[in-house]
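Novice: All chains, please: the whole structure from these sequences, using the hints.
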Amino acid sequence: MEGQQAMSYEELRAAGKQRRERAQGPKADKLQDTLRQLDPQLAEWADRFIFGEVWGREGLDPHERMLVAITALAANGNLMQLRNYLFGALYDGIPARKVQEALVMLLVYAGFPRAISAVDMFREVVTTARRQGLTVDLD
Numbered sequence: 222m223e224g225q226q227a228m229s230y231e232e233l234r235a236a237g238k239q240r241r242e243r244a245q246g247p248k249a250d251k252l253q254d255t256l257r258q259l260d261p262q263l264a265e266w267a268d269r270f271i272f273g274e275v276w277g278r279e280g281l282d283p284h285e286r287m288l289v290a291i292t293a294l295a296a297n298g299n300l301m302q303l304r305n306y307l308f309g310a311l312y313d314g315i316p317a318r319k320v321q322e323a324l325v326m327l328l329v330y331a332g333f334p335r336a337i338s339a340v341d342m343f344r345e346v347v348t349t350a351r352r353q354g355l356t357v358d359l360d
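Following my numbering from start to finish, the sequence shown increments by one per residue and tops out at 360.
Hints may contain errors.
Stated by the list, open to error - Here are the in silico distance ranges between beta carbons for each label pair:
#1 G354 <-> M326: 24 to 34 Å
#2 M228 <-> R352: 36 to 46 Å
#3 T348 <-> V325: 30 to 40 Å
#4 F270 <-> N297: 30 to 40 Å
#5 I337 <-> D260: 25 to 35 Å
#6 R352 <-> E274: 29 to 39 Å
#7 R352 <-> T255: 21 to 31 Å
#8 I337 <-> E279: 11 to 21 Å
#9 E232 <-> G332: 40 to 50 Å
#10 A227 <-> M326: 14 to 24 Å
#11 T356 <-> A227: 32 to 42 Å
#12 M228 <-> L263: 18 to 28 Å
#13 E279 <-> A235: 31 to 41 Å
Calculated from the structure, these hints are not laboratory results.
Idealized CB from N, CA, C, for every residue including glycine.
Specialist: Here you go:
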């Protein structure tokens, strides 16, 4: 990639781990353990390739990447993974209104059922995050 110095395997993995923890929020370690139990290579790929290489590219800031990931997960109906990223977004400081608006946009491009499911899940995540002490301004 232009403008970026090549990173070693370990540097990619370490940078990816930090990005993954930021994206997945408080349950990042538990999610990584689940991947590791399925297959240790999956956990390695998540840190090194997905979050180290792909999320480390230039062109989008971390919040923009998070919104892309959230809308892609919602559009494809991957609700379990979506929940984790929604928590990650709130804990990383992405405004709740911005997340909700991205999900509402899905009604045009992915249909009402997917958008409604995603917005409903987001409302549940907001409620839970508030119970956990996170200040979430949605209105």
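Novice: Find the hints from earlier in the document that the structure breaks and name them by number, from lowest to highest.
Specialist: 3, 4, 8, 10, 13
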